[in-house]
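Asker: The primary structure of each chain is shown beneath.
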Amino acid sequence: MAAALYLFANGRIAGIAGIVSRRWAAPLPAVAVDVGSVGLVVAGLFVGIGVRMGNGCTSGHGVCGLSRFSRRSLANVLAFMGAGVVTVFVLRHVMGSAL
Amino acid sequence: MSPIFGFVSRLIFGLGLILAGMTEPLKVKGFLDIAGAWDPSLGLVMGGAIAVGAVAFALARRRKKSWSGAPMEIPTDQTTDKRLVIGGALFGIGWGIGGFCPGPALVALGSGSASAAIFVVAMRWAWWCTTRF
Numbered sequence: 000m001a002a003a004l005y006l007f008a009n010g011r012i013a014g015i016a017g018i019v020s021r022r023w024a025a026p027l028p029a030v031a032v033d034v035g036s037v038g039l040v041v042a043g044l045f046v047g048i049g050v051r052m053g054n055g056c057t058s059g060h061g062v063c064g065l066s067r068f069s070r071r072s073l074a075n076v077l078a079f080m081g082a083g084v085v086t087v088f089v090l091r092h093v094m095g096s097a098l
Numbered sequence: 000m001s002p003i004f005g006f007v008s009r010l011i012f013g014l015g016l017i018l019a020g021m022t023e024p025l026k027v028k029g030f031l032d033i034a035g036a037w038d039p040s041l042g043l044v045m046g047g048a049i050a051v052g053a054v055a056f057a058l059a060r061r062r063k064k065s066w067s068g069a070p071m072e073i074p075t076d077q078t079t080d081k082r083l084v085i086g087g088a089l090f091g092i093g094w095g096i097g098g099f100c101p102g103p104a105l106v107a108l109g110s111g112s113a114s115a116a117i118f119v120v121a122m123r124w125a126w127w128c129t130t131r132f
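Chains as they are written, first to last, in numbering that gives the first Met the number 0: chain A, 0 to 98; chain B, 0 to 132.
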């Protein structure tokens, strides 16, 4: 819905990777994370580089790209879904980590 | 006009992410953990979003101008190259480790999450570094 609104309003792709986002303080559900600080930094680095290289993320390629039946987006989405699944598998089931 | 639309759409997006559970790393990882306690509900979220988006893009394709008067800028580039796929893979690894992606991380940051803050700092730094190449 948000992407649709933004698209019609501003004619732009609403991938969060492509826009500078705002923050707002609001009562939100507590964010439960099982990863320690080091893990978060590593994760952040990977996501930062990956999003730049791939020109998008779950909202950009995942939602907007796939809604347009974009081949580029499909390739990117398959890559990150695959990588995500494998990473969690390795962390949780191969390494037995609580991550 | 434009900034208002931008703000409203981002607000809806953020609320949607919260409702969907995308701002909760454990839920995200539950979705990715197909060999373990698999929680496919995020897939439904994405499916719903794509369904709505597909209609929107189909309609938008016929327009030359957006509501604000700015021209429609829908990308038409279809080159699928290594950078795109490797970027996707790297993103996926980071996603699998932290359970955060950019949008949800910023939303979580807004709620005061220290974990999100750490993640966002690292992400922005890496992002910035990558723009130098």
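Hints may be right or wrong, so weigh each one.
Sample of chain B residues facing chain A (criterion: CB under 8 Å; computed from the structure) [unchecked claim]: (1) Ala19; (2) Lys28; (3) Asp38; (4) Pro39; (5) Phe56; (6) Gly95; (7) Gly97; (8) Ile117.
Per the computed footprint, the stretches of chain A lying under chain B, defined by three or more beta-carbons under 8 Å from a beta-carbon of chain B, are [what the hints assert, rightly or not]: (9) 34–45; (10) 63–77; (11) 84–95.
These are calculated hints, taken from the structure and not from any lab test.
The C-beta atom is built at its ideal place from N, Cα and C for all residues, glycine as well.
Asker: Which hint numbers does the structure go against, in order from smallest to largest?
Answerer: The structure breaks hints 1, 3 and 4; every other hint is satisfied.
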